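Peer 1: Letter by letter, the chains look like this.
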Amino acid sequence: MDNDLTLKIEHLSSGFFTERGYVPAVDDVSLSIGKGQVVGIVGESGCGKSMIARSVMGLLKYPGRITGGSIKLAGQELTGMSDGQLQRIRGKDMAMIFQEPMTSLNPVVPIGKQMREALLLHEKMDKISAKAEVLKMLEHVGISEPKKRYGAYPHELSGGLRQRVMIAMAMICKPKLLIADEPTTALDVTIEAQILRLIRSLSRETGMSVLLISHNLGVIAQMCDTVYVMYAGKIVEQADAYTLFDRHAHPYTKGLMDSVIDLKSNPRRLPAIGGVVPNLLHLPAGCAFSPRCPRAMDRCREERPELEELAPGHLCRCFEEGRERL
Amino acid sequence: MALFRSKQDVFSEDLASQIGESQTLGVQLRRMARRNKLAVASAVFLALLTLAAIFVPILSPYDPVIGDASIRLKPPSAAHWLGTDEMGRDVLTRLLYGARISLAVGVVPTLISMILGVALGVVAGYVGGMTDYILMRLADVMLAFPSLLLAMVIMYTLGGGVLNIFLALALVGWASVARVARSETISLKESEYVQAAKSIGVSGGRIIRRHILPNCLPALIVLFTLNIPSAILSESSLSFLGAGVQLPNSSWGLMVNMGRQFLYNAPWISLAPSAAIMLVVLACNFLGDGLRDALDPHLNNE
Ligand SMILES: Nc1ncnc2c1ncn2[C@@H]1O[C@H](COP(=O)(O)OP(=O)(O)OP(=O)(O)O)[C@@H](O)[C@H]1O
Ligand SMILES: [Mg+2]
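Chains Y and P, in that order, are what the protein sequence lines are. Going letter by letter, the first sequence gives residues 80 to 405 in our numbering. Going letter by letter, the second sequence gives residues 2 to 303 in our numbering.
No false leads were mixed into what you were given.
Part of the chain P face toward chain Y, derived, beta carbon under 10 Å:
no.	residue
1	LEU26
2	GLY130
3	GLU191
4	SER192
5	GLU193
6	TYR194
7	VAL195
8	ALA198
9	LYS199
10	ILE201
11	VAL203
12	SER204
13	GLY205
14	ARG211
15	PRO215
16	ASN216
Derived DEER-like restraints, expressed as beta-carbon distance ranges:
no.	chain 1	residue 1	chain 2	residue 2	range
17	P	LEU159	Y	GLY147	54 to 64 Å
18	P	MET131	Y	GLU385	37 to 47 Å
19	Y	LEU199	P	LEU26	22 to 32 Å
20	P	VAL28	Y	LYS215	29 to 39 Å
21	P	LEU26	Y	LYS226	22 to 32 Å
Hints listed in this document are in silico derivations from the structure and should not be mistaken for laboratory results. Note that the coordinates shown come from a computational prediction; the quantities given were computed from them, not determined experimentally. Heads up, the beta-carbon is just placed ideally off N, CA and C, and yes, glycines get one too.
Just chain P, same shape as in the assembly (with noise of 0.2 Å):
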């Protein structure tokens, strides 16, 4: 019987609500960089890696798609840092060219996945009833499918292409984002300051823009940085596949692809590509992995 809990009682929760308290982003974000070196390095590591593939025309010397037939197929040496490939062309500098399209492949794509997401999983969780019942079906059915196969699917349907890798990835993504913005959603709308809100007579819409998005922003942060990779993968499986990039514009994984027939005599041409993919993507989960400690409120108990 709760009728008469011990004034002790109250005060351990009054202190277990303080102390789970949400600080601001900043303070988070600067406790984070404290604790997880790990999550700094990878953050600073895809920044690099931005800034290079911007910069790279002015960086490298080499031209990515015109080779220099003297020079095939040669190992790693001070001029070419990664090697040469098969038609002469300086690694590195197509790596750093291909980093362009597989990361904008990695941020486009699970952008727009997440804005689709996060409009239908609030739109569902806020209104609940038959408009969530439908829009959870639909997304039932998306993640139904190996996400791989429909990418496939769609890139055969609409042709090969960069923007079309966007459309598909878009596609794909949407659903388990969906899911997480309408599961926070719920949870934020039974929470006692929605219910504040909407007893000072603050409308539906409102309680979504103030109240709602605000408060899921952490959560849908970590799962942006989580979505990257595999996003950056998709493509890659799509591009060595033959359903994604299309020469002359070249991505890590179409770089594999090609290289693939050099492996023994020339087995950095495909390995330099797949190293980047992996960094990258470990990178990302590190970076995704330290955002969530540093912005769970639950993890936050000390």
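So here's chain Y without its partners, still in its complex pose (with noise of 0.2 Å):
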């Protein structure tokens, strides 16, 4: 059955080796994705989401490494793969959108050509069958007038156009697994909705799993079967979309939850969640969000919760005196 899962990520540890200390940016992460499946993780800035997307890719930023766990895309492991095995993976059996569609695409290269890259590198086509496959693969995202735009530079392009680039270029060789980091912060509000609505509807059409990254709980909640929400490297509370909006049990969750609220009943007031992220470095001895969190006790500042399963699906990180009332 494990089979079935595009990506089993287990125990999951990754951080950054600096002059001084270890940063556990990613701490004992577990969590998967079944085919055909779009899964959120959700978090402040900071929390390490980004980090998880790049374990997974093999992309992580020097001195960022790997310290532990597994991750298997459909039963493979990719942790411990050299560079040239992890090259002949990526951009085929998975790929990468990025937050910034205004960076992503290289200034002097035409966007035609950046797109072929991968059917040149993985499906070894020639020039002329790549290139009809990559304006059909434009006319697919709804970009209209694949041949004229075919030739054009980035900068010819809005941030709509180029995210719908992007998630062309990403997805150009059918990958089993799309992870999407951000991908619609730096777009505004009308063209975040179509490129959801794109991501999602070529997930249904062709099976791909979406490994969907946003600090945004509206994205998410639109977008996602399962949702995974993190705090500083620790997953804290793991549901289905419906049961986390229905009846998520971890104040931090809460937290996020009334922040949404609040934002849109009074786009002026600060968010809910006083205090600030803790650095890695010197986290608190006991749970780590308890210095912010609003019914944090004794217990809280001296030891570490455990996930536990509240019910089949749904975990939280969270002693059950401070959870919220379910």
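Two chains, two frames, a set of hints: combine them into the complex.
Peer 2: Here is the structure:
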């Protein structure tokens, strides 16, 4: 049954070996995505969302390294693979789109040439059939006049179009897994909705699994089957989207929810969670969220809670006394 | 907390990246031509000088080596625009023949040191780690020596002559180029489009060729124009000190040196090549500055 999973991450830890010590950016994270599923990771800036994505892609920036755990893509172990082996998988079986469509394309190479790269590399296509494939894909992601756009330079396209190009580029070899790291943060609201709908429908059509990273609960709510809430490198709550919105148990999740509501009713009010994200080099002895938690007790400041199953598929890292009442 | 950025923030960011975006080289150069007349004049001057140096045998009726003893040390006149020297040779003719060597010395070693420096710098920046450490310490050592002294040591070891000057100046110049290429590479390596290229499985070598080198190019072009004058000056100094070009070849530095003893009664012999050196150095610097303004994305915000 495990082989039905497109991505299975178990007890993944990765972090940065800096001069001031080890920064545990991702700590003991387990996560799985079934075929055709859209799974979301949500959390504040710096909680390690991108670090998970980069660990899976094997694109950690120096001095970052995976320190433990396993990552399986369709049953194949990725940790410990050589760079050459990973190169053959990246772009073919998994691909990624980035936050900033303005800078994710090389400014001096026409977009068509950048898009066909993966086809030449992985499918060993000749340039003519690669071009035909690129044009088809451009059309598929809703870009009109693909022939005209093929030779366009990135600066000739708007942000929304460029993000469509990025999606087309990532999907051109029909990967099993698409990682979208805040794909719409840099876009305005209407374009955001279009892009999300596009990702969703492409996933439905092709059975591609999607790992969607966002700090926006609204985006996650629209898109995801399962949601993981992250705080300071750890998963603090995991549930299907419906349960999470209806019966979330972790005070941090509640804080995120409340701030969305705040923002809707009164956009000028500050978000509801007070305090700042903890320094990963000096995490508190107890629960990492305890300094900001409105319900924190003495126990929370001394002991670290484990991830416990509250109901099938609903996990929460909080002592029973601290949880929101279900 | 960046958890909830207002849409306004997002918009202004969007706009900023749109304005700062790079245009094609041609567009940038054309805009420079419109805005920076000094840079254009410099480019024209350098081009004309190069043409004159190439075609001097056709342009000048005089021989650069064999003089006419009856017209020694004559001041500038209609027949000899920059006068004649102690052997009765036309100074302008010698100046233009000397330009061949001085310009070649400006361009060739600079080009060699650019190629060497870019190769080493890009590799150091891209590979990082121990490779980077070793290459950059090597560059530090090179840069710790006064470059003229280093060039002189090399010249005294290898002997004079134009080819050895090329070699000496190339060896002296690569380190500073490597540093620039390395820092450009490191910032490009972290750029999202390199990450995006990696994420579709493009190999390191191809990323360097397709994504890093073309985007380093503006910075390297500027560096190239700014390094030419320092090579010309180094050659002049070396030749003036007798460690450079040897007779009967002639470069501007050597001409200044030869004319030194006639500084009182025939100052034009020294002053003409001195002025030529100064003009070329200035022109290269103006051109380099103009190119930098035109090609630097941070200065392009209007
Ligand atoms: N080079 C580095 N050295 C040390 N720590 C780093 C380095 N790069 C990132 N970090 C830390 O790693 C943590 C995780 O970063 P990551 O980029 O995964 O956050 P994120 O959740 O994606 O945030 P965002 O929403 O801003 O994208 C952060 O707390 C950051 O401070
Ligand atoms: Mg991130």
